[in-house]
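K.L.:
As a plain string of letters, each chain reads:
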Amino acid sequence: DVKVTQSSRYLVKRTGEKVFLECVQDMDHENMFWYRQDPGLGLRLIYFSYDVKMKEKGDIPEGYSVSREKKERFSLILESASTNQTSMYLCASSLSGQSEAFFGQGTRLTVV
Amino acid sequence: AQSVAQPEDQVNVAEGNPLTVKCTYSVSGNPYLFWYVQYPNRGLQFLLKYITGDNLVKGSYGFEAEFNKSQTSFHLKKPSALVSDSALYFCAVRDILGYFTGNTPLVFGKGTRLSVIA
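Heads up: the sequence lines are chains A and B, in that order. Counting along the first sequence from 1, when you hit position 17 you're at 17 in the numbering used here, and nothing is skipped either side. For the numbering used here, count along the second sequence from 1 and bump the result up by 1000.
Source of the hints: derived by calculation from the structure; they are not laboratory data. Treat the hints with care, since some could be wrong.
Partial list, computed: chain A residues near chain B (C-beta under 7 Å) [stated by the list, open to error]:
| id | residue |
| --- | --- |
| 1 | F33 |
| 2 | P39 |
| 3 | P61 |
| 4 | Y64 |
| 5 | G97 |
| 6 | Q98 |
| 7 | G106 |
| 8 | V111 |
Not the full set, but computed from the structure, chain A residues with beta-carbon under 10 Å of chain B [claimed, not checked]:
| id | residue |
| --- | --- |
| 9 | Q37 |
| 10 | F48 |
| 11 | D59 |
| 12 | F103 |
| 13 | R108 |
| 14 | V112 |
From a predicted model like this one, the values you see are computed outputs, not experimental measurements. Ideal Cβ positions, reconstructed from N, Cα and C, are used throughout, including at glycine.
Use the sequences and the hints to build the structure in full.
P.N.:
What follows is the structure in structure tokens.
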């Protein structure tokens, strides 16, 4: 089975901190994604990557950056965490455009 | 730009009755369509997808969905609902035109909360 692993289930960080969310997939997938999920807003795409060192902005990239130095790992970085970035963050990967995406368990981030 | 609409925030159905969760989409080219389910404090789980071929797609846990190109819809259905089906359901679309001319991700709807009452 495909496994997408997010490094933390729960995180509490202070305003202004630099925050790293890590995601690793074990099936050699080309595409990787970061979404945030908020009640009533569904899943909103932050960034995605279709190859190593490649990245594309999603719908809400402001305040975030990403890194994909290795195929299996896609990191989301909050440069200076703010309270409005308190959310559930979901990482996903997929083999191709026809393939379904596989999701990690999510990281619930609270910024205080 | 591609988009997905799930017109109902909440669907309530009695156990044993058929259920329908609605989804409509908008794309420039042709769509790849997906349904996912999310249980509390969990990530999303894949249910089924439409890529090409038969308009009626069968998936996990007895769910099925019908692709209707003229109505740009991909409604999720199940003949007999179970209490354990209660969860949050997401429809998602990827634009095939975008896939070949560039790289496009899955775009999700806002989700529909299904509540099955015993």
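K.L.:
Next, verify each hint and record whether it holds.
P.N.:
Quick rundown of the hints versus the structure:
1. With its C-beta approaching chain B no nearer than about 6 Å, A/F33 sits inside the 7 Å limit, and its interface hint holds.
2. The interface hint given for A/P39 is broken, as the beta carbon of that residue sits about 9 Å from the closest beta carbon of chain B, more than 7 Å.
3. Hint status for A/P61 relative to chain B: violated, with the closest Cβ pair at about 12 Å, above 7 Å.
4. Hint status for A/Y64 relative to chain B: violated, with the closest Cβ pair at about 15 Å, above 7 Å.
5. Contact between A/G97 and chain B, as hinted, is supported at the beta carbon level, the nearest pair being about 4 Å apart and thus within 7 Å.
6. A distance limit of 7 Å between C-beta atoms decides the matter here; for A/Q98 the minimum to chain B is near 5 Å, and the interface restraint holds.
7. Below 7 Å, beta-carbon pairs count as interface contacts, and A/G106 has one with chain B at about 5 Å; its hint therefore holds.
8. Because the smallest distance between the Cβ of A/V111 and any Cβ of chain B comes to about 19 Å, over 7 Å, the interface hint for this residue is violated.
9. A least Cβ separation of about 8 Å between A/Q37 and chain B falls short of the 10 Å threshold, and the interface hint therefore holds.
10. With its C-beta approaching chain B no nearer than about 5 Å, A/F48 sits inside the 10 Å limit, and its interface hint holds.
11. Because the closest C-beta pair between A/D59 and chain B is about 8 Å apart, less than 10 Å, the hint holds.
12. Here the hint on A/F103 is kept, as its CB sits about 4 Å from the closest CB of chain B, short of 10 Å.
13. Residue-level restraint check for A/R108 holds (minimum Cβ-Cβ distance to chain B is 8 Å; threshold 10 Å).
14. Because the closest C-beta pair between A/V112 and chain B is about 20 Å apart, greater than 10 Å, the hint is violated.
Hints 2, 3, 4, 8, 14, counting from the list given before, are not met by this structure.
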